[in-house]
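Numbering (the working numbering) for the sequence shown: 4 to 174.
Rather than coming from a laboratory, the hints here were simulated on the basis of the structure.
Note that beta-carbon positions come from the ideal geometry of N, C-alpha and C, so glycine has one too.
Any given hint could be a false lead.
[To be verified] Quick list of in silico lysine-lysine cross-link-like pairs, DSS-like style, CA-CA up to 25 angstroms:
| # | residue 1 | residue 2 |
| --- | --- | --- |
| 1 | Lys30 | Lys46 |
| 2 | Lys46 | Lys59 |
| 3 | Lys20 | Lys173 |
| 4 | Lys173 | Lys79 |
| 5 | Lys59 | Lys79 |
| 6 | Lys112 | Lys124 |
[Claimed, not checked] Listed next, with one range per pair, are the computed distances between beta-carbon atoms:
| # | residue 1 | residue 2 | range |
| --- | --- | --- | --- |
| 7 | Ala37 | Ala67 | 40 to 46 angstroms |
| 8 | Ala66 | Asp158 | 43 to 49 angstroms |
| 9 | Arg98 | Pro136 | 30 to 36 angstroms |
| 10 | Lys124 | Asp48 | 21 to 27 angstroms |
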Amino acid sequence: MGGEVLRPPVLCFVGRKNSGKTTLMEKVIAGLTADGHRVAAVKHDAHRFEIDHPGKDSYRFSAAGADTTVISSPEKTAVVLLHREEIPLESILARFVEGVDIILAEGYKASRFPKIEVHRKATGEPLIDPPPPGLIAVATDERVESSVPQFDIRDPDAVVRFIKTVFLGKA
Numbered sequence: 004m005g006g007e008v009l010r011p012p013v014l015c016f017v018g019r020k021n022s023g024k025t026t027l028m029e030k031v032i033a034g035l036t037a038d039g040h041r042v043a044a045v046k047h048d049a050h051r052f053e054i055d056h057p058g059k060d061s062y063r064f065s066a067a068g069a070d071t072t073v074i075s076s077p078e079k080t081a082v083v084l085l086h087r088e089e090i091p092l093e094s095i096l097a098r099f100v101e102g103v104d105i106i107l108a109e110g111y112k113a114s115r116f117p118k119i120e121v122h123r124k125a126t127g128e129p130l131i132d133p134p135p136p137g138l139i140a141v142a143t144d145e146r147v148e149s150s151v152p153q154f155d156i157r158d159p160d161a162v163v164r165f166i167k168t169v170f171l172g173k174a
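Working from the sequences, and respecting the hints, build out all of it.
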């Protein structure tokens with residue numbers, strides 16, 4: 004159904020800017036975790052982002068030349084890894100993600116992983132054309148021409164049920 008099912012499975016949410024990808028993914032994560040599933044989330048940023056800020060110790064380590072900086076507390080750990088070229092999603096997952104039932108990624112539309120395209124009429128944009136490889140569904144607020152199942156973007160529970168059926172073997 005649009006790509007092999009991996010363990011843990013990986014599903015990408017793709018779409019144009021301001022289509023609602025983050026909001027839908029956030030609601031899907033909440034729905035899956037409420038059912039007891041462990042979820043990893045990965046976000047692709049096509050632009051430069053800053054997670055570290057001037058004056059913070061970890062920023063100072065990077066500014067001094069550290070290629071990798073790790074900050075850790077009793078509740079969470081973050082890794083800032085400087086690199087010269089983009090790291091493929093597969094490598095990120097292999098290095099940093101473990102102990103989860105499913106991995107949800109925002110972006111990565113050219114990846115080999117299955118995808119749900121998120122679309123809102125208000126953007127004034129059509130669906131991605133040609134459809135991204137591995138497209139298995141569309142979440143939208145209007146009927147669109149598509150050969151894959153469509154879900155109402157305002158009904159994240161329907162998307163959660165679809166994901167559980169297709170990727171987690173549960174209805």
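Hint check:
Straight-line distance between C-alpha atoms of Lys30 and Lys46 comes to about 15 angstroms, which keeps the hinted pair within the 25 angstroms bound. Taking the CA atoms of Lys46 and Lys59, the gap is near 23 angstroms; set against the 25 angstroms cutoff, the hint holds. Taking the CA atoms of Lys20 and Lys173, the gap is near 32 angstroms; set against the 25 angstroms cutoff, the hint is violated. As the CA atoms of Lys173 and Lys79 are separated by approximately 30 angstroms, the hinted pair breaks the 25 angstroms bound.
Simply put, Lys59 and Lys79 have alpha-carbon atoms about 17 angstroms apart, close enough for the 25 angstroms limit, and the pair holds. A threshold of 25 angstroms between alpha carbons decides the hint, and for Lys112 with Lys124 the separation of about 20 angstroms falls inside it, so the pair holds. Remark: the range hint 40 to 46 angstroms for Ala37 to Ala67 is upheld by a beta-carbon distance near 43 angstroms. Look at Ala66 against Asp158: about 46 angstroms separates their beta carbons, and that is inside 43 to 49 angstroms.
Checked against the hint of 30 to 36 angstroms, the pair Arg98 and Pro136 fails, with Cβ atoms roughly 24 angstroms apart. Evaluation of the 21 to 27 angstroms hint for Lys124 and Asp48 yields a pass: the beta carbon distance comes to about 25 angstroms.
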